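The lines below spell out each chain.
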Amino acid sequence: MLQPPTLPTNYTVKPGQIKTSTGKTLRTEEMIINMGPQHPSTHGVLRLEIVVDGEIIVDCIPHIGYLHRCFEKHCEHMTNYQQVIPYADRMDYCSAMTNEWAFALAMERMLKIEVPERVEYIRVIMAELQRIASHLIAIGTFGIDSGAFTPFLYAFIDREKILDLFEMTCGARLLYNYIWIGGVSHDLPPKFIEQAKDFIKYFRPRIKMMNDLLSYNEIFVKRTANVGVLPREVAINYAVSGPQLRGSGVNWDLRRDDPYSIYHKLQWEPQIGKGEMGTVGDCWDRHIVRMREMEQSLNIIEQALDSLPEGNVKAAIPKRIRPDKDAEIYVRTEASRGELGFYIVSDGTASPFRVKARGPAFVNLSVLPEIAKGAMIADLVLIAGSIDIVLGEVDR
Amino acid sequence: MEIVQTLLANEILVSVLLSLIPLVFVVVYALIVLYTEMKIAAHIQDRVAYMRTGWHGTLQPIADMIKLLQKEDIIPAQADKLLFRLAPFIAFAGTYAAYAVLPFSSMYIGSNINLGAFFLVAVGSLVVVGILMAGWASNNKWSLFGGIRSAAQMVSYEIPIALAIVIAVMISGSLNLQEVTKFQDGGISNWIVFGGPLPLNQKLMLLPFTLLTFLIMFVASIAEVNRTPFDLPEAESELVQGFNTEYSGMRFAMFYLSEYANLFTVSAVVVALFLGGWSSPFENFMTGPVWGIFWFVAKAYAFVLLQIWIRWTLPRLRVDQLMYVSWKVLTPWLFFCLLAVGLILVI
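Chains A and B supply the protein sequences, listed in that same order. Going by the numbering used here, 285 is the number at position 285 of the first sequence; the sequence numbering is gapless. Going by the numbering used here, 337 is the number at position 337 of the second sequence; the sequence numbering is gapless.
Note that these hints are calculated values from the structure, not bench results. Among the hints, a few may not be true.
[Stated by the list, open to error] Here are some, though not all, of the chain B residues that point toward chain A, as calculated from beta-carbon distances under 10 Å:
{"#": "1", "residue": "K39"}
{"#": "2", "residue": "D46"}
{"#": "3", "residue": "V48"}
{"#": "4", "residue": "D231"}
{"#": "5", "residue": "L232"}
{"#": "6", "residue": "D320"}
[What the hints assert, rightly or not] Restricting the straight-line Cα-Cα distance to at most 30 Å, the calculated cross-link-like pairs of lysine-lysine (BS3-like) are:
{"#": "7", "chain 1": "B", "residue 1": "K328", "chain 2": "A", "residue 2": "K222"}
{"#": "8", "chain 1": "A", "residue 1": "K319", "chain 2": "A", "residue 2": "K73"}
{"#": "9", "chain 1": "A", "residue 1": "K161", "chain 2": "B", "residue 2": "K39"}
{"#": "10", "chain 1": "B", "residue 1": "K141", "chain 2": "A", "residue 2": "K222"}
{"#": "11", "chain 1": "B", "residue 1": "K81", "chain 2": "A", "residue 2": "K24"}
[To be verified] With the Cβ distance kept under 7 Å, some of the chain A side facing chain B (calculated, not the full set):
{"#": "12", "residue": "P37"}
{"#": "13", "residue": "E55"}
{"#": "14", "residue": "S146"}
{"#": "15", "residue": "G147"}
{"#": "16", "residue": "A148"}
{"#": "17", "residue": "L153"}
{"#": "18", "residue": "I157"}
{"#": "19", "residue": "K161"}
{"#": "20", "residue": "F220"}
{"#": "21", "residue": "V221"}
{"#": "22", "residue": "N226"}
{"#": "23", "residue": "I236"}
{"#": "24", "residue": "I329"}
{"#": "25", "residue": "I377"}
These numbers come from a predicted model, not from an experiment. In this text, a Cβ means the ideal position worked out from N, Cα and C, and glycines have one as well.
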């Protein structure tokens, strides 16, 4: 068993340290509890087997696989590459646009397809809107985990407006099948730009309101600061990515460090946790990184909307995509939850020989046992919430 | 008519009838507060809540109650059946017993005993027994956590509440809640929260301490009824539903009723001790026994609404922080207030 990390906690009683008045160590027994898969705050069907001493967690073992749908095997049995895209949507269903973009990008690099510039702009707008929608879920459910129910509904009202934008673009609200290999399925509808700008105008004050209501709330800060500290080195060792890595103070964002699409043309800043309320890498840092990333996403969308070029929305691609035999590619993108990569191997037929997805939520979840030890049950809920897992992608 | 007269002449029957009045009140009040809580929560959250049953969903609480009555009464196979059955009623009995000493009006108090304030503290602890029983008997680890948390929390927060009651009693000079209320009669300036009807210089000296005591009493009373930000025993995101996870149907409804009844009790105690109970805030305006009921219920209800507002705004504390608030913040400050009030009264 790993040693409990030295957390800056202020609990005075450590497991097995309770002394009676005569000086004997009180015999206490540890209790094993199943948290999930039907627990309100495991964000789906995660099962955590936790060993507790009173309220303090001695050990925490995540069990996954309750939502396993054979994503990778299914991909090999699709009749063509295009059919994988709706299925990729279903991996991280809170952030479907970024999934399909990652797969489409991988195929385009494999086939060396140049997509029209308008497509790149549309994709960036969609992905950043999706990032805001996904972060809103993370923030809202994090609020519920900490006991505040109201921010959750505020977040969902705002998310609803983004979904309205998606709906008018492609007709779907959750799983879009919008970004195709070589382009997007439809051009933007006539009033999209206007409505997207309205949304940006509406959403900026809402971020401030959320911060006032939740992020800087005294109780919320007390609950999340110094809790679940993920040190920089541990984060890197576990290959954690996305807002969780940046929350630990690592300035790493694939949109800037391994640029794809048009991100290098736009002005924005990756946000990192600075330990303002406690230690660098605590739950509060991860939360505030998401809050600030939403503002950055708004900046990106604003610039992309202003400089959206005219043009075609589909590149000329063969009707049946047959990559070269033994062609292989790994492409990584910055999805809402971190590094989403697709490794695709072709055998020259119309369906992939092998697809391997590197999902951020799965990798990020692996760090949970490491940082949950020594915390309390109430903290564990918050730590799991701040990791922001989507079980659809963890299990795939 | 003769039957009625003979019935009314029967003392036991009359006292039974009189003691049933609060029960009717509790049930009606619970339905109203259930509705208002849902509506307030919804409007805080930009929703509309019930709209279908009756005008703006006014019949929904009744429909909910009928639904709960019809539900299957499930007892887990491995549960301690006797304790499991008994627990909700003990919790409710503890809550309801407190209504005996609440002075609803100058003419109506269930039992005008001289140890009213003391009685409140005593029966308030009975609720803990019920919750602990429920947590233990359910044979569910989450319920057990809820029960243990609840016991620790209520025991801790009874101390600030008892100390605050002592301060109010010191100023008014009586443990009888009816006497305490009478002491504060005659306008808003006579309320204990503003120093009571004492000479002006003494009043001004008492004012900061009574205000502080009042605030602490209010915070502690929220913790006493297990509501956000102190709702750890039934913390949904942590303990599923806490001690009442395994309960369904009427037994669950009893816990629910007990929670809402308790909400009113603690508010009523704060009102009776610090805010003049049934006395009108304006010297001779709308006074008398009937208006007394109105003032008492209205004041207590205002506090219930305040608690609802707090519940839907704030996050929840952690167990150790909860204990910290009680033992290291509220209790020391109250001891300080106790000392100061005592000194001022002696001087």
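Going down the list of hints, with the structure as the test:
Look at K39(B): its Cβ only gets to about 14 Å from chain A, farther than 10 Å, so that hint breaks. Contact between D46(B) and chain A, as hinted, is supported at the beta carbon level, the nearest pair being about 6 Å apart and thus within 10 Å. Restraint check, V48(B) versus chain A: the minimum CB separation of about 12 Å is more than 10 Å; hint violated. For D231(B), the shortest C-beta to C-beta distance to chain A is roughly 7 Å, which falls under 10 Å, so the interface hint holds.
The beta carbon of L232(B) comes within 8 Å of a beta carbon in chain A, closer than 10 Å, and the hint placing it at the interface holds. For D320(B), the interface hint holds, since its Cβ comes within 10 Å of a Cβ in chain A; the closest pair sits about 6 Å apart. For the hint pairing K328(B) with K222(A), the CA-to-CA distance comes to about 16 Å; that is within 30 Å, so the pair holds. As the CA atoms of K319(A) and K73(A) are separated by approximately 24 Å, the hinted pair is consistent with the 30 Å bound.
Among the hinted pairs, K161(A) with K39(B) is consistent with the structure: their alpha-carbon atoms are about 24 Å apart, no more than 30 Å. With a CA separation close to 27 Å, the supplied pair K141(B) and K222(A) stays within the 30 Å bound. Among the hinted pairs, K81(B) with K24(A) is inconsistent with the structure: their alpha-carbon atoms are about 36 Å apart, more than 30 Å. Against a cut-off of 7 Å between C-beta atoms, the interface hint on P37(A) is violated, since the closest Cβ of chain B lies about 13 Å away.
Checking E55(A) against chain B: minimum C-beta separation of about 6 Å stays under 7 Å; hint holds. Given hint, S146(A) at the interface with chain B, holds; its Cβ is 4 Å from that chain's nearest Cβ, closer than 7 Å. Annotation: interface hint on G147(A) holds; nearest CB of chain B at approximately 3 Å, less than 7 Å. Using the Cβ-Cβ criterion of 7 Å, the hint placing A148(A) at the interface with chain B is satisfied: the shortest such distance is roughly 4 Å.
At a threshold of 7 Å, the smallest CB-CB gap from L153(A) to chain B is about 4 Å, leaving the interface hint in force. With its C-beta approaching chain B no nearer than about 6 Å, I157(A) sits inside the 7 Å limit, and its interface hint holds. For K161(A), the shortest C-beta to C-beta distance to chain B is roughly 12 Å, which exceeds 7 Å, and the interface hint is violated. Among the interface hints, the one on F220(A) holds; its C-beta lies about 5 Å from the nearest C-beta in chain B, closer than the 7 Å criterion.
Look at V221(A): its Cβ only gets to about 10 Å from chain B, farther than 7 Å, so that hint breaks. Because the closest C-beta pair between N226(A) and chain B is about 11 Å apart, greater than 7 Å, the hint is violated. Interface restraint check for I236(A): the shortest CB-CB distance to chain B comes to about 29 Å, outside 7 Å, so the restraint is violated. Checking I329(A) against chain B: minimum C-beta separation of about 42 Å lies over 7 Å; hint violated.
Annotation: interface hint on I377(A) holds; nearest CB of chain B at approximately 6 Å, less than 7 Å.
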